[in-house]
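Let the hints inform the model, and build the full structure from the sequences given.
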Amino acid sequence: MKGRVLVVDDDTALAEMLGIVLRGEGFEPSFVADGDKALAAFRETKPDLVLLDLMLPGRDGIEVCRLIRAESGVPIVMLTAKSDTVDVVVGLESGADDYIVKPFKPKELVARIRARLRRSEEPAPEQLAIGDLVIDVAGHSVKREGQSIALTPLEFDLLVALARKPWQVFTREVLLEQVWGYRHAADTRLVNVHVQRLRSKVEKDPERPEIVVTVRGVGYKAGPS
Amino acid sequence: MSRDSAASAPGESGVRSGRPVGRKVTGSRWGRVLEGGLLQGGVQGSPVLRLFMRWVRRPLLPVMRLWRRNIQLKIVVTTLLMSLGVVLLLGFVVIGQVRNGLLDAKVKASQSQATGGFSVAKQKADAAVTANGDDGSSADGRPSKNVSQWMNDLVVSLSSGGQGAFDVVTLSSTVAGNGGAGRGPRSSGDVDPTVSIPEDLRARVDSNTMAAQSYTRVVYKDGKESQAALVIGKQVLDPNGDAYQLYYLFPLTQEEKSLSLVKGTLATAGLFVVVLLGAIAWLVVRQVVTPVRMAAGIAERLSAGRLQERMKVTGEDDIARLGEAFNKMAQNLQLKIQQLEDLSRMQRRFVSDVSHELRTPLTTVRMAADVIHDARVDFDPVTARSAELLADQLDRFETLLADLLEISRFDAGAAALEAEAIDLREVVRRVVSGAEPLAERKGSQIRVVGDQQPVVAEADARRVERVLRNLVVNAVEHGDGKEVVVKLATAGGAVAIAVRDYGVGLKPGEATRVFSRFWRADPARARTTGGTGLGLSIALEDARLHGGWLQAWGEPGGGSQFRLTLPRTADEPLRGSPIPLEPMDSRRNRGLNDAGLPSGGGDKLATVPMQGAGGKAAPPMQRTSVVPRMAGASPTADPTALPGNGARVVPRPSGPVRRPDDMPAAGAERSMQERGRDGGGPEELGQAEPEELGQGEAFRGR
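The listed protein sequences correspond, in order, to chains A and B. Numbering of the first sequence is given in the UniProt record's numbering, commencing with residue 1 and proceeding in unit increments. Numbering of the second sequence is given in the UniProt record's numbering, commencing with residue 1 and proceeding in unit increments.
Source of the hints: derived by calculation from the structure; they are not laboratory data. Please note that a few of the clues may not be correct.
Said to hold, decoys possible - EDC-like, lysine to aspartate or glutamate: derived pairs with alpha carbons at most 16 Å apart:
| # | chain 1 | residue 1 | chain 2 | residue 2 |
| --- | --- | --- | --- | --- |
| 1 | B | K221 | B | D190 |
| 2 | A | K201 | A | E126 |
| 3 | B | K487 | B | D423 |
| 4 | A | K37 | A | D11 |
| 5 | A | K107 | B | D395 |
| 6 | B | K328 | B | D318 |
| 7 | B | K124 | B | E255 |
| 8 | A | K46 | A | D11 |
| 9 | A | K143 | A | D132 |
| 10 | B | K106 | B | E255 |
| 11 | B | K312 | B | E324 |
| 12 | A | K204 | A | E93 |
| 13 | A | K105 | B | E398 |
| 14 | A | K46 | A | E28 |
| 15 | A | K105 | B | D392 |
| 16 | A | K105 | B | D480 |
| 17 | A | K105 | B | E388 |
| 18 | A | K105 | B | D374 |
| 19 | B | K328 | B | E341 |
| 20 | A | K107 | B | D190 |
Stated by the list, open to error - Some chain B residues well away from chain A (every beta-carbon gap over 12 Å; in silico):
| # | residue |
| --- | --- |
| 21 | T115 |
| 22 | D190 |
| 23 | T209 |
| 24 | K221 |
| 25 | Q227 |
| 26 | I337 |
| 27 | S355 |
| 28 | E357 |
| 29 | D370 |
| 30 | D380 |
| 31 | F397 |
| 32 | A421 |
| 33 | P454 |
| 34 | E572 |
Please read all numbers here as calculations on a predicted model, not as lab measurements. Ideal Cβ positions, reconstructed from N, Cα and C, are used throughout, including at glycine.
Right under this line is the structure:
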């Protein structure tokens with residue numbers, strides 16, 4: 001299992017500790033401490049996953065996250081000391097796939113990293129349709145009338161999970177388990193934000209979603225295909 | 001006037017909130033006015049009358065409300081009524097003066113005319129006497145005929161002087177013995193002589209020889225309309241020396257016309273004056289009321305949070321001063337609020353920064369400790385144990401830090417509710433499955449009751465889950481390995497979840513104290529599980545944030561029940577809870593049922609859950625000695641005292657009950673201190689109050 005992880009954190013002690021833990025789990029960590037240099041380091045190391053501290057000198061984590069997301073769909077896990085909704089949502093909206101609140105246990109961190117990396121190991125040829133979208137699961141592409149829509153791997157997974165069972169209403173907890181791979185319910189805000197982001201990409205009118213429909217009081221389901 | 005309206009403005013703007021009081025006062029005043037004349041004293045006795053009054057008053061109610069609420073209407077109507085009164089008074093005075101003036105002139109002119117006429121009549125009579133001197137005295141039949149003719153001539157000649165200006169009437173004297181002799185009534189101008197001359201005037205004319213006058217109505221024989229007139233009469237002698245009555249009738253047509261003209265003019269002028277005064281009052285009041293209303297409206301908007309609203313100020317008059325003062329107030333208010341907001345933001349910022357600064361090193365420590373912990377098998381026993389302790393205490397430290405931050409977020413008002421419709425059964429299921437491992441270890445079983453139907457409420461799932469996890473874990477931990485029951489219910493606008501355990505329970509008075517920060521049930525007892533002492537405080541804050549209640553009940557040795565009540569839709573005030581705070585299987589309820597006593601209190605609880613909290617507090621029936629003393633206090637559970645906090649609401653017992661002998665005074669003092677420390681929202685106050693009650697309960701418990 002490949003596991004190059006780019007750690008973007010200004011706290012050297014924490015970065016070193018992260019390095020120890022990650023190496024212990026068989027990952028190959030590389031480090032950058034400055035937000036301004038993060039993007040360059042990202043291009044250089046081409047990591048499979050980015051661990052990104054939200055508070056950084058120079059460019060802050062949100063900005064770095066946006067820049068990385070602009071050129072790659074690589075999984076980004078945010079490290080944040082703030083668990084306030086606003087901070088979390090801002091981080092997720094800037095493109096992070098997941099977040100983990102400090103202080104975290106090493107096992108929890110590793111579990112989340114593995115969950116994010118795991119998905120790339122299961123390609124199965126499959127064609128799905130939802131609304132006017134055509135999803136090629138193996139080819140990892142979504143098309144509307146021949147036009148392909150760029151989605152991050154996580155958004156893609158979310159869409160596929162919904163599209164595979166269009167008759168089923170998914171609770172946020174179920175989605176967390178299926179898409180993020182968390183056995184124990186983490187934070188349903190993750191789901192909310194990512195559904196918003198997915199909608200902003202695949203819906204014709206994100207205000208009136210037709211692909212990913214909210215079922216009030218329960219969760220989400222795929223729109224009629 | 002400006003003071004008047006200024007004073008009424010707050011009342012007007014506050015009508016919504018203050019309505020009940022205001023209505024009562026004015027309403028009763030109106031009622032008194034209405035009933036005062038009609039049924040003084042009879043109101044109490046007769047329900048029929050009261051019903052009738054209500055029936056009469058009902059259609060008036062909107063008018064009365066308008067009257068109460070609209071100062072402009074009040075002032076305009078008052079002005080109208082008062083000016084109407086003044087105009088009427090003035091009108092009467094003026095008309096009276098004019099009438100007197102007109103009549104005086106007429107009377108003088110008429111009197112001289114009549115005096116002239118009377119002397120002419122006398123002269124004619126004298127002339128006739130001398131002309132008939134030779135034969136007049138001898139014959140008895142002739143003279144009467146002559147006199148009759150003479151009279152006719154006299155009337156004609158007299159009345160010819162003033163055609164239309166007056167009429168002349170002769171009547172025979174009514175004095176006895178003077179009658180007959182063919183002297184019937186005569187009149188000029190078709191006047192009906194007998195009807196037109198009043199009887200009392202005739203009597204007066206007969207009684208002396210002076211001229212007498214009176215007012216009358218002239219009646220005409222030819223059907224002409226009767227007229228008011230002045231009549232002057234005198235007894236005159238005819239040529240025969242017999243007395244007859246000669247009357248001059250002066251119709252007051254002209255004067256009446258003038259008077260009615262004056263009346264008409266006055267009425268028109270008065271009407272105009274009244275209407276114009278009303279209009280002026282309306283305009284003037286509007287000038288004052290408009291700014292006041294504007295101020296009221298802006299004050300309302302200010303209080304609704306639109307702090308940038310200001311009054312428009314023009315000129316330098318009192319109204320402008322009001323506006324300036326108002327604006328200054330708004331400005332200061334805005335400034336203060338902004339300062340507070342800044343402060344709160346800074347506080348939040350500080351908390352967030354501290355959190356970040358603390359958490360980053362803590363994360364490193366935590367990870368290091370875990371690495372060491374994982375490698376402990378390679379260490380010698382002492383180091384290995386140290387690694388275990390380090391990891392365990394780090395866990396505790398972490399939770400404590402997290403809880404502290406959460407509490408400080410609440411204190412800073414930074415906690416935000418993310419409410420959406422959720423099925424609480426899901427939350428309960430998650431919490432219960434999360435608590436299963438602990439329950440297994442403790443050997444207790446968690447049973448969920450009332451989850452057949454969806455229990456949906458607008459709530460923040462994360463917070464509700466946190467509250468429930470806390471309650472369930474607490475119940476399992478303090479449950480002595482006995483069953484833990486989680487009960488769900490929904491009714492009215494509220495949903496409730498109660499967690500019941502059968503463990504050590506709560507000592508009297510502890511039911512409120514469990515929610516205090518860092519409070520411990522028994523300091524002497526070893527802390528087996530690593531709670532922070534903040535769990536229930538946070539849970540209480542979470543419940544409050546929802547506008548809900550978190551309350552506790554417990555009896556020593558009989559277990560406890562914690563009840564979370566949430567409004568079904570956010571922003572809806574709670575009025576009661578679907579689950580009674582004291583469970584049906586409490587020792588007291590069972591005792592009641594066994595004793596077969598009328599379970600008045602219990603029934604009340606079941607039907608009115610909110611009162612239930614109060615009613616439940618009614619003392620156990622077996623302790624009959626306390627019952628009579630409590631009886632006075634228990635039925636008056638004040639619903640408004642029901643706070644959204646952890647306190648069970650108990651009607652405040654009267655003095656002797658509250659300060660029992662075996663209750664150390666220190667307890668009361670401490671509760672005072674706690675109250676002081678908690679600081680002042682009304683909720684805190686509410687919390688403190690039941691605390692005292694808790695002490696009353698303590699007494700009963702012993």
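Could you tell me which of the hints above the structure violates, numbers in ascending order? 2, 7, 8, 12, 16, 19, 20, 27, 28, 29, 31, 32 and 33
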